[in-house]
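Chains as they are written, first to last, in the numbering used here: chain A, 135 to 550; chain B, 90 to 677.
Misleading hints may appear alongside valid ones.
Claimed, not checked - Pairwise CB distance ranges (calculated):
#1 B:Asn-518 with A:Gly-528: 30 to 38 angstroms
#2 B:Leu-145 with A:Asp-277: 49 to 57 angstroms
#3 A:Gln-363 with B:Ser-134: 50 to 58 angstroms
As the list claims (entries may be wrong) - Cβ-to-Cβ under 8 angstroms is the rule here; a few derived chain B residues that face chain A:
#4 Ser-134
#5 Gly-318
#6 Cys-327
Think of the hints as simulated: they come from the structure by calculation, not from any bench. Virtual Cβ for every residue (Gly too), placed ideally from N, Cα, C.
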Amino acid sequence: MRARLLAALSAAALLLAAPARAAPDNFDQVERGRYLVVLGDCVACHMSTSGDHQGSQGFVGGRPIETPFGNIVTPNITPDRATGIGTWSADSFYRAMHEGIRPNGARLYPAFPYTYFTRMPREDTDAIFAYLNTLDPVNHAVDRNSLPFPLNIRASMLAWNGLFFEPGEFRPDPNRSAEWNRGAYIVEGPAHCGACHTPKNLAGADRSSERFAGGPLQGWFATNLTGDQRTGLGDWSADEIVEYLQKGRNARSAASGPMAEVVEYSTSVMTEADLRAIATYLKEPPAAAPASPARTALAADNAQMRAGEAIYVDRCGACHTRSGEGVARMFPRLAGSQVVQQEGNETLLRVVLQGVRAAYSPHAPTSPAMPAFGWRLNDDETAAVTTYIRNAWGNAAPAVSAADAARMRDLLRDRP
Amino acid sequence: MRRLPRKDVVIVGLGWTGAIMGHELCQAGMQVVALERGPWRDTASDFNVGTAPDELRYAIRHELFIRTAQDTVTARNTPDQTALPMRRWGSFLPGNGVGGSGVHWNGHTWRFLPSDLNIRTHYKERYGEGIFPENHMIQDWGISYDELEPYYDRFEYLCGIAGQAGNIKGEIQPGGNPFEGWRQRGYPTPPLKMQLTQDLFTKATTELGMHPFPMPAANMSQAYTNPLGVTQAPCTYCGFCERFGCANYSKSSPQTTILPVLMRHPGFEARTECEVMKVLMSADGKTATGVTYIDAQGQEWEQPADLVILAAYQLWNVRLMLYSGIGKPYDVSTGEGVVGKNYAYQANSSVNGFFDDKRFNSWAGAGALGMTCDDYQGDVFDHTGLNFVGGANINGTTFHARPISARPVPPGTPRWGSAWKKATRDNYNTTTNVGSQGSVMSYRDCYLDLDPTYKDRLGRPLLRMTFDFKPNEERMSAFVTDKMVPIMRAMGAKQIVASPKKGPWSVVPYQTTHNTGGAIMGDNPRTSAVNKFQQTWDVPNVFVLGASAFPQNAGYNPTGTVGALAYYAADAIKNEYLKRPGQPLVQA
Numbered sequence: 135m136r137a138r139l140l141a142a143l144s145a146a147a148l149l150l151a152a153p154a155r156a157a158p159d160n161f162d163q164v165e166r167g168r169y170l171v172v173l174g175d176c177v178a179c180h181m182s183t184s185g186d187h188q189g190s191q192g193f194v195g196g197r198p199i200e201t202p203f204g205n206i207v208t209p210n211i212t213p214d215r216a217t218g219i220g221t222w223s224a225d226s227f228y229r230a231m232h233e234g235i236r237p238n239g240a241r242l243y244p245a246f247p248y249t250y251f252t253r254m255p256r257e258d259t260d261a262i263f264a265y266l267n268t269l270d271p272v273n274h275a276v277d278r279n280s281l282p283f284p285l286n287i288r289a290s291m292l293a294w295n296g297l298f299f300e301p302g303e304f305r306p307d308p309n310r311s312a313e314w315n316r317g318a319y320i321v322e323g324p325a326h327c328g329a330c331h332t333p334k335n336l337a338g339a340d341r342s343s344e345r346f347a348g349g350p351l352q353g354w355f356a357t358n359l360t361g362d363q364r365t366g367l368g369d370w371s372a373d374e375i376v377e378y379l380q381k382g383r384n385a386r387s388a389a390s391g392p393m394a395e396v397v398e399y400s401t402s403v404m405t406e407a408d409l410r411a412i413a414t415y416l417k418e419p420p421a422a423a424p425a426s427p428a429r430t431a432l433a434a435d436n437a438q439m440r441a442g443e444a445i446y447v448d449r450c451g452a453c454h455t456r457s458g459e460g461v462a463r464m465f466p467r468l469a470g471s472q473v474v475q476q477e478g479n480e481t482l483l484r485v486v487l488q489g490v491r492a493a494y495s496p497h498a499p500t501s502p503a504m505p506a507f508g509w510r511l512n513d514d515e516t517a518a519v520t521t522y523i524r525n526a527w528g529n530a531a532p533a534v535s536a537a538d539a540a541r542m543r544d545l546l547r548d549r550p
Numbered sequence: 090m091r092r093l094p095r096k097d098v099v100i101v102g103l104g105w106t107g108a109i110m111g112h113e114l115c116q117a118g119m120q121v122v123a124l125e126r127g128p129w130r131d132t133a134s135d136f137n138v139g140t141a142p143d144e145l146r147y148a149i150r151h152e153l154f155i156r157t158a159q160d161t162v163t164a165r166n167t168p169d170q171t172a173l174p175m176r177r178w179g180s181f182l183p184g185n186g187v188g189g190s191g192v193h194w195n196g197h198t199w200r201f202l203p204s205d206l207n208i209r210t211h212y213k214e215r216y217g218e219g220i221f222p223e224n225h226m227i228q229d230w231g232i233s234y235d236e237l238e239p240y241y242d243r244f245e246y247l248c249g250i251a252g253q254a255g256n257i258k259g260e261i262q263p264g265g266n267p268f269e270g271w272r273q274r275g276y277p278t279p280p281l282k283m284q285l286t287q288d289l290f291t292k293a294t295t296e297l298g299m300h301p302f303p304m305p306a307a308n309m310s311q312a313y314t315n316p317l318g319v320t321q322a323p324c325t326y327c328g329f330c331e332r333f334g335c336a337n338y339s340k341s342s343p344q345t346t347i348l349p350v351l352m353r354h355p356g357f358e359a360r361t362e363c364e365v366m367k368v369l370m371s372a373d374g375k376t377a378t379g380v381t382y383i384d385a386q387g388q389e390w391e392q393p394a395d396l397v398i399l400a401a402y403q404l405w406n407v408r409l410m411l412y413s414g415i416g417k418p419y420d421v422s423t424g425e426g427v428v429g430k431n432y433a434y435q436a437n438s439s440v441n442g443f444f445d446d447k448r449f450n451s452w453a454g455a456g457a458l459g460m461t462c463d464d465y466q467g468d469v470f471d472h473t474g475l476n477f478v479g480g481a482n483i484n485g486t487t488f489h490a491r492p493i494s495a496r497p498v499p500p501g502t503p504r505w506g507s508a509w510k511k512a513t514r515d516n517y518n519t520t521t522n523v524g525s526q527g528s529v530m531s532y533r534d535c536y537l538d539l540d541p542t543y544k545d546r547l548g549r550p551l552l553r554m555t556f557d558f559k560p561n562e563e564r565m566s567a568f569v570t571d572k573m574v575p576i577m578r579a580m581g582a583k584q585i586v587a588s589p590k591k592g593p594w595s596v597v598p599y600q601t602t603h604n605t606g607g608a609i610m611g612d613n614p615r616t617s618a619v620n621k622f623q624q625t626w627d628v629p630n631v632f633v634l635g636a637s638a639f640p641q642n643a644g645y646n647p648t649g650t651v652g653a654l655a656y657y658a659a660d661a662i663k664n665e666y667l668k669r670p671g672q673p674l675v676q677a
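All chains should be built: construct the whole structure from the sequences, respecting the hints.
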């Protein structure tokens, strides 16, 4: 359709005998852009609300992105002239990616991670723009002003940017390997990992001193990606990181929630060399991260632990096994699990109450699911069993209260 | 009625055969739609571990089976009786919903013996025509074991069957079934962990000169990833297989082996709660043009398609053929016609043993946890002078001891009250069983047709089943059960109760959901409804899959053979039929 439209336009141009300039064969650029769109996981936010993400439907926008300040609805980035980016130029696209400013001068909110995309060089944003222009334009208007007053005044972002944003392209570290630098570019640039995994300050900006320490996010807890042994990736080998990103699971864990989308649309489609580069970078961070607070496991005879153990044996042990070992690549290991020992208990509570489906990857299509238990465990029981899981088999993490469980139950009430 | 855009293929039913065929044809680049009259079913939501082992809901109230208000059959023993509708399932339990019977099976996954497939020729050559029972309709299948072997292998590797090979390329293997047909390689996973019953059974049968081996099981002995990349988890021996969906991804089913891949295939679409009314035919009656179906809102649709695959349960495949005018209906008075003929079943028997000093822990079981002997199976043994055709496998299984239905008490115990309770307490954990799974031959007066009186909710005649156990099957069952009693004695039972299969067949007690025949395969269009590729003789763009193709039933559970035949048909469609669409693969 798009190709036919272009053909019709160029025929008209010939008839008008306008000074036509041959467009270069930009196959290489489009392919580069297609892959950068994978690295950036653009689809996860810009896909249609129906969940259809084939072709242009991956870019029509309309999905509400939850932020602590309200929902921000993603825009249509197909080349539709009226409702998409059909009138944009490569220059204006670069400006949006690099500075967070739309062609009309309006400021974008950092829910669109221009704070990361700014690290992409011009040739990469041009390539993405070229790829987006191969899509069929879809006329799909979305409400772009869903934040409450005064945040709906986009000029307010001027001050925010002044405080928290430093534009600038990625500079490789000449003292590191090419692989490490490739990983650094992907992680800090297009893949914008810190957008979820770095805690935010009150204004919603990254706390750079707590880089990759993990934090609450959209009713989940984005895990710690530092080298911390208990809560971070300290115990993970590079191979395990690669397997997790490529297949959505490894012998320890399974991706779920927002990370399942990252795996499905982005990391499972990346080249293995890039996954290895990401792993190399994550295993050798540029600066030492502050250690997570030391924790001691709750005593086994603690009342909550005893109640939790009884529930665990009854409800959880069939799949996750009595020893918490789980079944490799099917049912996550809980003993020594990073996910269950995070400072925040959101993910664990959510998974127990609501159930969850593990990531789909074309390399590992099973996508097994954990059933919901919220219908049969009350808040006390939920708190007990999650406290037990967080403190059994050598695990150690803060206890979970019935109030935490009640809060999560409330949060989930209106969510799918 | 509204007409939908054409598809390359429409599949009726999304159980084992529909899922296998759907995946194979999507891989071949075809646009496929599957119509399933039951609901969508998925492990974590529908077989939630918190609700899946609910005996009352699933085993007693039949949650996973089609409601008789939606569909049922009428039944009788002989053609001179008036059939009555089954208003509550009993003798057999037809599945419903995505996964079909592949959701609620136990997981016994057998290959038939080579001599089961050419049974007529084989028995005639070995014993002469006189061995066959009166009024029999026993026929060869039109396919050899050697042709089917690669497809048995594919189904077993799809499922990850746990077992011990007995014959690899003609080499007899220790610990396996020495009587089985050759296989190209061993089972994909090792046997399940055996229980006390199996240990005693193995010791007893070995002492008696028999050849015990682990029953091939679709319950996972370890985690397994199949060639499609789909992973299953190890079985937990919870004992909730038959009549239940598996909560632990441990029992092979379409859900746990194919659907995670198939449902994401861009060429595939499934529509649930859509009941197919009939196959539409061209004016000359030689080509199917699609199907009509009714959705949950009562809207009727026409789905045009180039290829129609009937992949419903055996009974409903036959009924759809009768509604649609595909093939000549069988006429019992003349013996002419093919659709509905050779309905067969399974003749099972059991020997219960009551012990003093043993604790069997039978609640820790799995659907196909067992040791088996094939010494009296098929024509493994000499039938000279025995006056019957066929045989049975003999099994020491531990598949459940669920609290409502597992109440083994010795004969003479009151049916209720304190004496019954005491007998339950005394015997629940000290009783075990040896069972047999017996063949049933085909007979002129055992068949399926349309009931003249009773109709379904959509106004269509119900399927009528005319069936009884014949003297041949009673003699076979008595013979095999006599061989089981000494086993139980050697296992050490203090009291033994033998129950060989006897007629008349009753619709009430559960016996087995191994209904077979009615759209049988063969090499002759006058005596069979489909050729060996399960392509109907009369309408070459209609294929009919499943146990409806069995000309008679062997002494094994049918699913292994059903899966193998589905793969065999799929290969024929992909490699031959699509080169000449609409043409018969076998010249009549």
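Enumerated hints in conflict with the structure, sorted upward:
Per hint list: single violation, 3.
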